[in-house]
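Could you slot chain B onto chain A? The hints should help.
What follows is each chain in one-letter form.
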Amino acid sequence: MNSRSPWLWLTVVMLLATGYYLWPTVKASRMTAQELAANPEERALKLGLDLRGGMAVTMEVRVDELIRALATNTDAAFDRALQTATNEAKTSTASMVSLFVNAYEEQNPQGRLARYFRSDVDRITRNSSNADVSAYLEAQADGAVNRAIEIVRQRIDRFGVSEPSIVKKGTSRISVELPGVADGERVRRLLRGTARLEFRTMADPAALSRSLSAIVQFYNGRTDTASAAADTTVRRDSSALATSALPTTPLSDSNAVTATPLSDTAKTATATPASNDSASRARADSAALAQAAGANNVLLKYLEPAGQGVEFGLVSPKDTARVHQLLSRPEVVALLPPGIELLYTSKPVAPGSDKLALLGVRNTVELTGEALTDATVQFDPQTNVPMVEMRMDGAGAQTWSRLTGANIGKPVAIVLDDYVVSFPTVQGRISGGVSSITGLDGRSEADDIVTVLKSGSLPAPVQIINERTVGPSLGAESTRNGMFSLFLGFAIVSAFMMFWYRTAGVIAAVSLVFNLLILFAVLAAFGATLTLPGIAGIVLTMGMAVDANVLIYERIREELAAGKTPKAALDAGFSHALSAIIDSNVTTFLTGAILYTFGVGPIQGFAVTLMAGIVTSLFSALVVTRMIMTYFVDRNRAVSVG
Amino acid sequence: MRVFENANYAFIANRRKAYIFSLIVTLLGFASFFTRGFEWGIDFTGGKEYVVRTTVDRPVGDIRADVDRALGGAPEVKRYGEDLLVRVGPDVEGNATEVGEKIVAAVGNGASVAGYDEIAPRFATDLQRAALYAVLASVIVIFFYVLVRFEWTAGVGAIVSLVHDVLFTLSLFSLLHGWLPFSLAIDQTIVAAFLTIVGYSINDTVVVFDRIREDRGKWKNMPIEEVSNKAMNETLSRTIITGGATLLSLVVVFLFGGEAVRGFAFAMLVGILLGTYSSVFIATPVMVDVQRFLARRGDKRFKTQVA
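Protein chains in written order, with the numbering used here: chain A, 1 to 642; chain B, 1 to 307.
Please keep in mind that the hints were generated in silico from the structure rather than gathered at the bench. Accuracy of the hints is not assured; some may be wrong.
Covered stretches of chain A (chain B as the covering partner; in silico rule of three or more C-beta atoms under 8 Å from a C-beta of chain B) [as the list claims (entries may be wrong)]:
1. 536-547
2. 578-587
When the alpha-carbon atoms are kept at most 30 Å apart in a straight line, the in silico DSS-like pairs for lysine-lysine are as follows [unchecked claim]:
3. K230(B) x K220(B)
4. K17(B) x K567(A)
5. K301(A) x K102(B)
6. K220(B) x K78(B)
7. K102(B) x K318(A)
8. K17(B) x K564(A)
9. K230(B) x K567(A)
10. K300(B) x K17(B)
Remember, it's a predicted structure, so these values are computed and weren't measured experimentally. Every residue gets a Cβ at the ideal spot worked out from N, C-alpha and C, and that includes glycine.
Chain A on its own, in the form it takes in the complex:
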């Protein structure tokens, strides 16, 4: 057998390729962080967030909100179908659009979706079939997700993270990885905001003040048992980590007009809590609440009435959900001045207090962020406090000029994603198309607002459904642990093999080194990311990699015992062990492939190293080990197999 020919060349080629693919990683590991930032090594083996530290966020584009936004008019049937689809989406893999269309067709066999989605631009007419509408919605949803990815990318780029990764997952999910970032609050703010900017006029102070007293009057001597119950359901329903504060009214609420539970204070207060189960505890809670409120007012427990200017009241951030419940009862909404809704400020209005102001703002949107041409961070000349200056296009400037001209001396609300970021009082007509957002916390907030304004608004709200942060110290520890395990694992497995098989064991250890080098090169070549489970996978494959060697050596021992010459025993050992080696590796490889298909994040890292490790260990056992052993046997040197 000519041992030189194919195997040697194959090994040489593999080693050259290994060097080629590992070189960038070696180079990168010798550079400092600054050098790396200036001159990133694109082809170096990437470390996962669990090792280098950083933040990973998975977001879901709310296609249901998009469908609602696309509809030009809605009715109860529409709402019901959308609600059904939203519920089904929790357990189904089908797209939200198809769930919605199916739910609608099921609930309304004769119904035509075209009546909700008429659009001249997209040629949805009265006569469009449901299939047409479905295709139109799918296209819109797909476009919305892709546009959302683009916008997220722009925002991240401006945020200034090195090597971020932004990937579309499934039909409506976006996975974002930000190495080295640990400020969850800021990232959330940056990613989640739909960046819907609106300019609106505000409520008439006198009318608002009258409404306030009427509403307080309404809650005099009334408990909030009804809303407390509703409150808990809302809390349980919030299956997303962060929902934009859109006041979506559940269907059942429309019934509440006729059947309002009006339990009076005295009655509830007499209800005595009996046992420890949660139901009676809830009853006890509301009883205590009613008692504490007593003659006082349940609304006033949570809301500090302001009744001055456009301020309706002050609310502590932890009570906003409860206040929302209290104020969204239909009877209460009816007491508000017509065309007015209540929106929170994005931050506390008074220094030293954490309370947000609830402001009366008109429903009508006068001007949107689409009119903006530019947004920049400026500094107040007097106080040097950062603010955001916005410039508008021609039409926007005209509207702005008319709006400010008609409202001199009155406040105008600048609303970003349903929160009032600023409500300056108009001093005079502004004709240049310039406005600004003031009262910001600092430079970073100003930067972030500019970023979201400039990258445009998201076509649909997004929810963060998974958020993982690994601090730098934790990451460094994991890296240290992982690398230590890797070296120790290698040392122990090698020592074990040498102890057991003597010379052949040394050869096995050498081929294990080859195996590891090639494995890392393969990972780098395929742009895989090394995670802690991935390193565990490598250590595991080291144990399994020697399996091929073990099978071969055991076989050679048997053949030698049967009286064959070393050379014959070697050949027989390799050829007889082959079927067992292949068989035993195929199943583990298949398992790896399945894990890769269904796994998320770090698990995929494990699956990749497992699969790559199997392939490289086959190569090193069948080619490298064989080559070295043949080299010795051909020269009539004894290779001890122990």
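Same frame as chain A, but now just chain B:
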């Protein structure tokens, strides 16, 4: 070094002892599934998990009580190496930063959040589904692989042994959680470990079956019990050495790989041990028993001692 060179252990003759041992543990495990249940990671339930770095040396029970007072919702607090692991359910209000600040305040001076993971229930159901599909897919794939590669009686033995390995490991996770000084939470990583165990267990079994097939060709008149026992003894050295090398590397990961992979390494350790045990004591004996049963029913293909 040679230890199992001319091994001649009576595996097949003693198979019933192994059956009984495995049955007892699995039955205990089943009882535990329903009484003790499992420690679930947030991957499948939703919620938040924090790694809290602290210099405070207080009993974990006290810290748990303080965190519960601050947050409600019966949080889990346990040692996590030198850190603490705090796990709260999805019904605890507040975003990750707010809850983290409350936890840090409750744990006491000098504590800080070193890392956290938050999963929305909506995402958790997806992960549940993905895990279920992964398990089903691997069972199907491996079943067909065994079916194609070996005759069906061997396939039965292989499937029984891998179901045995997973049930046995699950039993230990249910029986032992809370007793061991590290987290035995069932999460994605553990599912990955289980699938790897399945792959490995088959791997080990396949090597023995390979040898049985070969030996049956050589000794055509030997009854199946004897051929199987012979093949197992012949491959015993390999089974032990490979198992040993893999176990050594796993012990390293278990001891030095850090808290994040400790539960994973534990599952793998137990799984590899079981995979080795079951390929010898379950897979082949079950195959032999199936063939004995068929021979008794008059199937002429199988030569058994009692035929």
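Violated constraints from the hint list, given by number and in increasing order: 4, 6, 8
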